[in-house]
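Colleague: Produce the entire structure from the sequences given, and follow the hints as far as they go.
Numbered by mature numbering (1 follows the signal peptide of the UniProt record, and there is no 0), the letters in the sequence shown go through residues -19 to -1, 1 to 147 in order.
Read the hints as simulated data drawn from the structure, not as lab findings. Every value quoted in this text rests on a predicted model; they were computed, and no experiment measured them. Incorrect hints may appear among the rest.
Unchecked claim - Using 20 Å as the maximum straight-line C-alpha spacing, the simulated EDC-like pairs for lysine to aspartate or glutamate come out as follows:
{"no.": "1", "residue 1": "K130", "residue 2": "E86"}
{"no.": "2", "residue 1": "K139", "residue 2": "E53"}
{"no.": "3", "residue 1": "K66", "residue 2": "E27"}
{"no.": "4", "residue 1": "K144", "residue 2": "E27"}
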Amino acid sequence: MYKYLLVTLSFLYTVTAYAQTADSLLKPSPVKTLSARQYNALLNGEDQHNMGLVADINGYPLPAKALKYKKEIDLSSVQTAAISKLNTALIFKKKEMGTFIIRNERAMDSLFRLKKLNDGIIIYYTNRYGLYQGELRNAILQAAFATWKQLSQPQIKKLQAFKNDN
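Modeller: Written out as structure tokens, the structure is:
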């Protein structure tokens, strides 16, 4: 009886240990070091790390949030045009940085797989990763600051009343 129980538990443990996430079962990522969800988020310019949270909780809304509630906060056509321009530039930058991060991940995977490493190569590629993350966060926070400059204080107060949806 104990042998049967031990074998069954071992089997269940092994199956659980090798289980994959749902997104990796549906369509594998082209980059081994990223899940399909992470890969697609980078390509689509999604903020996976909530990099704009510090701005939003302190009253500096991201352009997408201001545009989402433009009727509720009564944005003028001039404000809408300016904030739309900021939002378009931010989306472009997020996608650009996502593409760079994906390329960097592919390069690191290739270097490790082919065993063409030294300390300098590792430092170079990890510093590039940090550079891309920093540039992305800067773009997000700059967009929040520029959006804040376009809004009046009553509009900012109204936006702060809405749930944080970043």
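Colleague: Looking back at the hints listed earlier, which ones does the structure fail to meet?
Modeller: Hint 1 contradicted; others consistent.
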